[in-house]
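Peer 1: Chains as they are written, first to last, in my numbering: chain E, 26 to 428; chain A, 9 to 553; chain C, 8 to 193.
Heads up, some of the hints might be wrong.
[Stated by the list, open to error] For each label pair, taking beta carbons as the anchor points, the in silico distance ranges come out as:
1. 351(E) / 33(C): 16 to 24 angstroms
2. 147(C) / 452(A): 50 to 58 angstroms
3. 46(C) / 314(E): 34 to 42 angstroms
4. 147(C) / 351(E): 45 to 53 angstroms
5. 162(E) / 58(C): 48 to 56 angstroms
6. 351(E) / 46(C): 33 to 41 angstroms
7. 106(C) / 257(A): 24 to 32 angstroms
8. 118(E) / 9(C): 51 to 59 angstroms
If you're looking for bench data, these hints aren't it; they were derived computationally from the structure.
Here a beta-carbon is modelled for each residue, glycine too, at the ideal position from N, C-alpha and C.
Each chain is listed here by its residues.
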Amino acid sequence: MMRLFLEATIKIAILIGGLMTAAAYLVLLERRVAAWVQDRRGPNRVGIPLTKISLFGLGQPLADGLKFIFKEEYTPAHVDRWLYTLAPLSILAAALATFAVIPFGSVIPPIGEGGPIPLVVAPGVDVGMVYVFALSSMAVYGVILGGWASNNKYSFLGGLRSSAQLIAYEIPLSLGILGVVLASGSLRLDTIIDQQAATGVWNILVQPLGFVVFMIAAFAESARLPFDLPEAEQELIGGYHTEYSGMRLLLYLIAEFLHMVTAAFLIAILFLGGWHLWGLTGSGDEITLFTAVLRIVVLTVKVLATIFFMMMVRWSWPRFRFDQLMSLAWKVMLPLGLVNLVAMAFVVEYRQWFAGTGTWAAVALGWVVLIGSSVGMALLAPLSSDNRPRSASEGAARQQIFS
Amino acid sequence: MGVVIVDGIEVEVGPQERLNGIQAAERAGIDIPRYCWHPGLSVVASCRMCLVETGNRNPESGAVTMFPKLVPACQTPAKDGTVFITTSDKVKQSRAFVEEALLIDHPIDCPICDKAGECYLQDYHFEHGQKERRADIAPFTSRRRDMGDTVTLFVDRCVMCTRCVRFTREIAGTSELLVINRGAHEEIDVIDGFPLENKLAGNVVDLCPVGALGDKDFLYSQRVWFMQRHPQVCTGCSTGCSIYTEENQDRVYRVKPRENPHVNQWWICDDGRYGYHHVHSEERLIGAVRQAGDATEALEWSAALPAVTAALEAAGRLAAVLSPHLTVEEAYALAKWIRQLDPEAVLALGPVTTVGADETFKNGFTIRAEKCPNRRGVEEVLRHFTGGVTPFEALVAEVDAGKIGGLWVTAGSPTCWIDDSTAERLAQVSQLVVQDLFASPLWERATFRLPGVSFAERAGSYVNVADRLQTAAWAVRPPAGARVEGSVYWELLGYRGLYAPRRILDEVAQTIPYFAAAAEPVPPTGVALKAPELAAAHAAAGGQP
Amino acid sequence: MKADDPNIKWIEEPQLGLTGRMYLPLIVQGLTTTTKHLFGPKVTVSFPEERPLIENPLIYRGVHRLNKDEQGRVKCVACFLCATACPAHCIDIIGVESPWPDREKYPESFTIDELRCIFCGMCEEACPVDAIELTSLFDLTGRSREEMIFDKEKLLSVYDQTKDAEPMPSVRLGITPAHRGMEGQH
């Protein structure tokens, strides 16, 4: 019992330290990537403090952190003080707690007595996926509370948008996962990885449609561009965190990056095979210290690549309009998720056909479903939901209504 | 009643009116360009800029016969049936030729010419001139020579309209200027030993349609387009000429005459023109002060007024001196307030400064000896409150007799208006409040010293020597620490908001019959206060209008 | 504006093709563009170590200078046209009669508030005698507001600093054959 407690405490300490550092450096990465995409250089000056050595700007997060700490912690007079303070705390707490069930690799061989040590804070949670969802949905409380407590119409609009958006995209997100769960037959994240490692066929290959649905929904859940409507700088001047400054703003920003990290982990674990890499990481229980470390490296690389992709996406596509966002969720993502689920159910039901070399047939089926459904979507439910008036009389009639 | 046709527009001309083509066109809303013609001067028709096509309409048949040649509009009488055409190609071409000829040897130094921005040559060139310069003469700097102490001539900028020469002969009657040489070598000049020194000399600068005549006082000090002009009334003497005070960022740069057929026509004298310098004098009084024994104490204005009120309420019998430099509104407001404190208060007219004798010029323009703008207005206000006009000396006598406890003195003259002995006598009162523009012997002895403002900062109405009431707007804000007298009384009377002289004038017009004509909005040229009185007297006598 | 205003031209927007409506190809297209820029050349200059390349200093809009004529006098004639044209109202001139026989007017004082200036170059456009010009000096710094208000002497000294690198327009417009081809040097 004591050992378990000690082990968990050490893991939590490492996790929180690591995640905070990661979030700080992700901010730097985000700024650098943004700069590169825009043909700039980005922050590259701050290096080792008190020296002139600039290590590609790696000191920047430290400087940013100091700046946030020393900034005035200003509380506007018109806010609801309790909720105003509670909101960033709750969002950060939820974002951090999510990581309790995320496996950072598989296990490492036993040190001293006892069995192998699983690289996860709370190993063996059978409903890992459900836990992740439950907690990541808590994030919306932080946003809504922040928007409400700020007592500012832009913040409030940001909060409202956020609640509608997060609820809408829970469904395609779950549908995307449901396919994976169906395929692996478990809600445990390490089982899902193990299952992918055992067959050597990642879920992205078998159910690309599920991947697309999950990916898009994950973007929306973490409120990244092109779905960052809750904070939309140009329209809502920051949305729910307009009225925040100093450390409390920092909590929001960290939580935002942690959401991104969570999303990246889920994508890597559910669809990209987790720590598995063909021929290198072995499978199942063959664990040596070497493979254990390699698995950590592989998973980290996959997660970072996903995060990098998310940053690239930010500068590649424009933001959705809110009605487009909603119609995408309900009219496109929901049906596509269902199609994927049906296809997976088919594969699972007739799994004897798809055993062995038949796996490749399943892969082929997955891609046919992706292309077919997106063509069908294009033909049946155009994403364009343009509600502008098309003629003078129509426009005049509408002006009449609003005047 | 006749009908004149200008570019197809029919203009009515009265039977007694003697108009020329330019004036008739003005009625039709058409501007005929001209340099030499000025409504206040004789016609010479020498500039040829106003050439138009002219003809006659046959009263019976209605057929129009045009003259073959262009004629100067300034010299063509507008009679019944006269037809003017100002927009034909022939006219346009003629104007372009005139412009070109004038510009052949006109230096292109507009950037440093003070007239630029209000120059006829510039304006007409934009409107009527040719797009290209055909003359191959390099622009050159203009020769300059002084005409007198105040006026300088840039010889080559001159277009020889001779307005200035005619002015000195017809209006001032001093004939200092003349044209020398002939033909293309004509120049304006003065004869050695007889410089342009009459008191109307500054007007030639206003008359000059180009930048040839420059005002040395204004020379190079400001570009005209930076300045805002504010209609005001000259406070130099009791004639009360209509003027424009031109300022930029609260600094007055020059004073220009404002056309007013009832008072000054187009002219003002040099005393008024250069009399604005005291507005920006270093010696202006700044900041309210209370004298307690030997100690002086600076007061915030917000604290000064309650302190003054308290002091006067406790002072016993009150008296006030209403300066003839105050506006009608200010005089009325002060009198009203003092009478509120003490219904028996003595009100007296401030000293009226007189310098020399009235000076009348050839055309009747008169510079009055009485150097204050509003004696008549203040007198009538006093008559309303006290039934008569108490002279300053009588008040001094009352003070000597020890009847007065608190005295409020207003001044506002740019020159020293009181001598030491009189000031000493007035200072016998226990509470002496003085509002003034510059320090005077009385100022030194006052218990409360409240800095006042100059004419440029004052808004309100003045009644001139001929009983014409004119209203002025303020042109610049007073220097920090000085306060417009009217706004002080406004606050003392407990009125809300900013000082609005018009509201007081309404009250004056309703309560004092003399000012009844001011009840209507006062036109820019003012309103004759005696006119209704005269008409009433006329009607009472049963006379024919 | 009313919706039925006759000035409004109603147009049909172009319809998306099948690939456009499928969306995925467009997503790839967007990503390709950003990826290209990720590795493309960077335009930022690492300033203190590396000076930016000013391609033509003659049209660059940096710190102002007041030009001098052949006799070393200020060329300005105090016409106020720059002050008139200035949208930021940062030029303040006091004009007086000039002490020289060949000139009417000159600036007794000429100050530019470089902090108010927006470096639009309108003053240079307005100047009838090519007296005020914007140089290619761009790294303008100061420790106080007063220091950034340039007076006549300072503006003239900017001319002395830059006259060799950036000749006056009368020279560079090729008034004298000797100066022709100046343009090519920059």
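Peer 1: Taking the hints in turn, state whether each one holds.
Peer 2: Consistency of the hints with the structure:
Here the CB-CB span from residue 351(E) to residue 33(C) is close to 20 angstroms, well matched to the stated 16 to 24 angstroms. Checked against the hint of 50 to 58 angstroms, the pair residue 147(C) and residue 452(A) passes, with Cβ atoms roughly 53 angstroms apart. Checked against the hint of 34 to 42 angstroms, the C-beta distance between residue 46(C) and residue 314(E) comes to roughly 37 angstroms, which is consistent with it. At roughly 51 angstroms, the beta-carbon separation of residue 147(C) and residue 351(E) lies within the given 45 to 53 angstroms, and the hint holds.
As the Cβ distance of residue 162(E) to residue 58(C) is approximately 54 angstroms, the hint placing it in 48 to 56 angstroms holds. A C-beta distance of roughly 36 angstroms is found between residue 351(E) and residue 46(C), which places it inside the suggested range of 33 to 41 angstroms. A C-beta distance of roughly 28 angstroms is found between residue 106(C) and residue 257(A), which places it inside the suggested range of 24 to 32 angstroms. A hinted range of 51 to 59 angstroms for the beta carbons of residue 118(E) and residue 9(C) is consistent with their spacing of about 53 angstroms.
In summary, the structure agrees with every hint in the numbered list given earlier.
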